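Engineer: Let's have the full structure, built from the sequences with the hints guiding it.
4 protein chains.
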Amino acid sequence: MTDHDFKIDELVDGEELTDKQKKIIISAIESFAEKGYSATSTSEIAKKAGVAEGTIFRHYKTKKDLLLAIVAPVMAKFVAPFIIKDLKKVLDQDYEHVEDFLKAMLENRREFLIKNLPTVKILVQEIPFHPELKELFKEHIGLRIYERLEKLVEHYQEKGQIIEIPAYSVFRMTFSAIFGYLIARYMILPEAEWMMRQRQSGQSSSSCMD
Amino acid sequence: MTDHDFKIDELVDGEELTDKQKKIIISAIESFAEKGYSATSTSEIAKKAGVAEGTIFRHYKTKKDLLLAIVAPVMAKFVAPFIIKDLKKVLDQDYEHVEDFLKAMLENRREFLIKNLPTVKILVQEIPFHPELKELFKEHIGLRIYERLEKLVEHYQEKGQIIEIPAYSVFRMTFSAIFGYLIARYMILPEAEWMMRQRQSGQSSSSCMD
Amino acid sequence: MTDHDFKIDELVDGEELTDKQKKIIISAIESFAEKGYSATSTSEIAKKAGVAEGTIFRHYKTKKDLLLAIVAPVMAKFVAPFIIKDLKKVLDQDYEHVEDFLKAMLENRREFLIKNLPTVKILVQEIPFHPELKELFKEHIGLRIYERLEKLVEHYQEKGQIIEIPAYSVFRMTFSAIFGYLIARYMILPEAEWMMRQRQSGQSSSSCMD
Amino acid sequence: MTDHDFKIDELVDGEELTDKQKKIIISAIESFAEKGYSATSTSEIAKKAGVAEGTIFRHYKTKKDLLLAIVAPVMAKFVAPFIIKDLKKVLDQDYEHVEDFLKAMLENRREFLIKNLPTVKILVQEIPFHPELKELFKEHIGLRIYERLEKLVEHYQEKGQIIEIPAYSVFRMTFSAIFGYLIARYMILPEAEWMMRQRQSGQSSSSCMD
DNA sequence: CATGAATGAGGTTTCATTCAT
DNA sequence: TATGAATGAAACCTCATTCAT
Chain S
1 MTDHDFKIDE LVDGEELTDK QKKIIISAIE SFAEKGYSAT STSEIAKKAG
51 VAEGTIFRHY KTKKDLLLAI VAPVMAKFVA PFIIKDLKKV LDQDYEHVED
101 FLKAMLENRR EFLIKNLPTV KILVQEIPFH PELKELFKEH IGLRIYERLE
151 KLVEHYQEKG QIIEIPAYSV FRMTFSAIFG YLIARYMILP EAEWMMRQRQ
201 SGQSSSSCMD
Chain X
1 MTDHDFKIDE LVDGEELTDK QKKIIISAIE SFAEKGYSAT STSEIAKKAG
51 VAEGTIFRHY KTKKDLLLAI VAPVMAKFVA PFIIKDLKKV LDQDYEHVED
101 FLKAMLENRR EFLIKNLPTV KILVQEIPFH PELKELFKEH IGLRIYERLE
151 KLVEHYQEKG QIIEIPAYSV FRMTFSAIFG YLIARYMILP EAEWMMRQRQ
201 SGQSSSSCMD
Chain L
1 MTDHDFKIDE LVDGEELTDK QKKIIISAIE SFAEKGYSAT STSEIAKKAG
51 VAEGTIFRHY KTKKDLLLAI VAPVMAKFVA PFIIKDLKKV LDQDYEHVED
101 FLKAMLENRR EFLIKNLPTV KILVQEIPFH PELKELFKEH IGLRIYERLE
151 KLVEHYQEKG QIIEIPAYSV FRMTFSAIFG YLIARYMILP EAEWMMRQRQ
201 SGQSSSSCMD
Chain D
1 MTDHDFKIDE LVDGEELTDK QKKIIISAIE SFAEKGYSAT STSEIAKKAG
51 VAEGTIFRHY KTKKDLLLAI VAPVMAKFVA PFIIKDLKKV LDQDYEHVED
101 FLKAMLENRR EFLIKNLPTV KILVQEIPFH PELKELFKEH IGLRIYERLE
151 KLVEHYQEKG QIIEIPAYSV FRMTFSAIFG YLIARYMILP EAEWMMRQRQ
201 SGQSSSSCMD
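Protein chains in written order, with the UniProt record's numbering: chain S, 1 to 210; chain X, 1 to 210; chain L, 1 to 210; chain D, 1 to 210.
Don't take every hint at face value.
Same chains, same names: a pair is fine if it fits in one copy or spans any two.
Unchecked claim - Straight line, CA to CA, 27 Å or less: simulated DSSO-like cross-link-like pairs of lysine-lysine:
1) Lys63 - Lys47
2) Lys134 - Lys115
3) Lys61 - Lys48
4) Lys138 - Lys35
I should point out that these hints are in silico values taken from the structure, not numbers from a laboratory.
Because the structure is a prediction, the values reported are computed rather than measured.
Structural biologist: So this is what it looks like as structure tokens:
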């Protein structure tokens, strides 16, 4: 599934980007993640990217367009593994138990998150402030994924592995638990380096919970 | 424990605040929570508070001082319940099992979070961008709480209720799980109203997981 | 009637303008008249007025607001003499013949134009490019004056002094003739100093046609 | 005399203009007339013309060159009818009375103006702001026409049809009257569609004064 | 204490123009 | 010849902050 991400990576990022455009994107990601969208100035991005300020606006009509150009692909990539055709069957045969499914999902999305840490950080930080982002998120996650997961929940409920409560409650709880954990673990805690008194480095441990 | 919060409330918030000062704080909280610190202008806050632009700076030397004046108290209130003297004994007698302790803590901090939603939102949103905030957080949470919790972990480890891994690992996992959940459940999901297709209202359910 | 203009002058211009505001208006009039609205930069106006650029925007939210603040009063002043109550009677007794009325009007508005030359110039130059200006003009000139003049035309038609064609045709012809003349004479020709080979100066001659 | 205009049309406009050049000119005329020279951007012209931004500058070194390329021909065309050799004789035999001459001139130049409305509009709008334009105008109108008209005035003064005042005064008055009228009638009034309550359409009436 | 006019640095964006392709 | 990416100066405008009243 990882290679899935990869192909989409190429499709979305590599598509027809001039050299300077790439530099702009990279610089913007760095600065947005570090200081936040509002607190980052376009002149700063330009300087870091080694281009003239005007160049940014040739490629992205506004500063917000630049934000969207950064954040939209990570949404697309985020949903990719859920879009596999006939999801139900595939999962059915792969994962007898919900726990297996959840484990796999956690693992899979954790990898994704680590690989796209700064971009996801920007997305999570900025989503509350930009209606456009909310809309994008709704389209990608809401309308595309939610209904698939709903079926999935019902499937496992039929198998008696999930209690009989509304699917959206299951979803809400699961989402809060899994993504809450990922966000806290990889995006909030790492800022608090002071906590790491013993082992410093972020060993790419593969255990599910560390 | 709720009344505990309350006393501190008075101590910190009510202490010598002029009428205009209160209006400023309220307006600032509203705007910061809605648009973020950087994207909120002081003139906007002044207008919403019904005071002159200069008045803000009479009370808070800089815009960042205003942010700190808002965010510092919620940190203080957040740690309050952990500061009870002789925490060990108290907890020891109250909670035979870790699960009970965790349940109580989750419940207690959930109440706190709900009561201070906008302010906590601001704190969580802005902490990554302001070294001063990180420092404050470190002082409050890090140095005051962490060592207490460490002892607590060791206490439950001695009782055989927690496996023998470094205390900081236990802390990290627990923190990620509990606060990740709270953040996702109360600060991220509520933005996505679209998800609520069936039951709309946020019934103040008291079950631990909803 | 001249003193009429004057009182309005005070009312509109002098009303509550800070010292710097006046300087800004004066500088803006000068620059707009000389180079046109679009070709004049706010920084230029600020420099000429001896104020910071930000000061302009404290008083006029946008550059266009500044233009309107300059141009709106001259419209108001322009219509003033037509707003005298019971216009019909007054004119009736004053001017037996249309020619007398037209002469008086030409003379009167000529004085006005000369006294407000730069501002009127700006108005005439910019009106084609700004829908807001057109709207203002329509309100002031169109709806207020046109109907009064219509009655006037009918009045003189009854007296047999104007041929029986639609009032708006009379108005259009008269307006074109009188104001076309004034514009050409006082706003276009003076730019062509080369033509004045003999007598240079613009003596404030009072003959009706010179 | 109309066909006169035509030949010059070909001479000036058609001379060696590539397809793209024509499109650029047409787009520029449209935009300049609508928004003014300063408020029109070259990129806008390029887009409207369907050419690359750089293409404009391949043909016209600067934006102002483009303006001149548009405005210079209409000046040339404007003077054309006055340049007929032996003007004096021709006019002498054609028009016994000044009134006839003026009538013919008004009629003739009105046709010209209507046929070239957008370009003349640009010329009239921009002339006050561009010394180069004033210079061009002076060369064309001033030095070429003025002296011819001076003779004409003297001719009619000798015939006793014009009072004995300096020729330049006659010229000024006549110019103001005729061109003021044309400008007001065809370039200012048409912007005020609100005035046309009765007859909407601009019937190409041929009466001298409508 | 409170005000709000004033500031000037800095923000985003536009624009005429150049130049390698 | 035509293109359009790149430029950087300058445009309009915002903002946190100061200070005389």
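Engineer: Now tell me if each hint is right for this structure.
Structural biologist: Going through the hints against the structure:
no.	hint	result
1	Lys63 - Lys47	both (15 Å within a copy, 23 Å between copies)
2	Lys134 - Lys115	both (23 Å within a copy, 25 Å between copies)
3	Lys61 - Lys48	both (19 Å within a copy, 19 Å between copies)
4	Lys138 - Lys35	both (25 Å within a copy, 19 Å between copies)
In the structure shown, no violation is registered for any of the earlier numbered hints.
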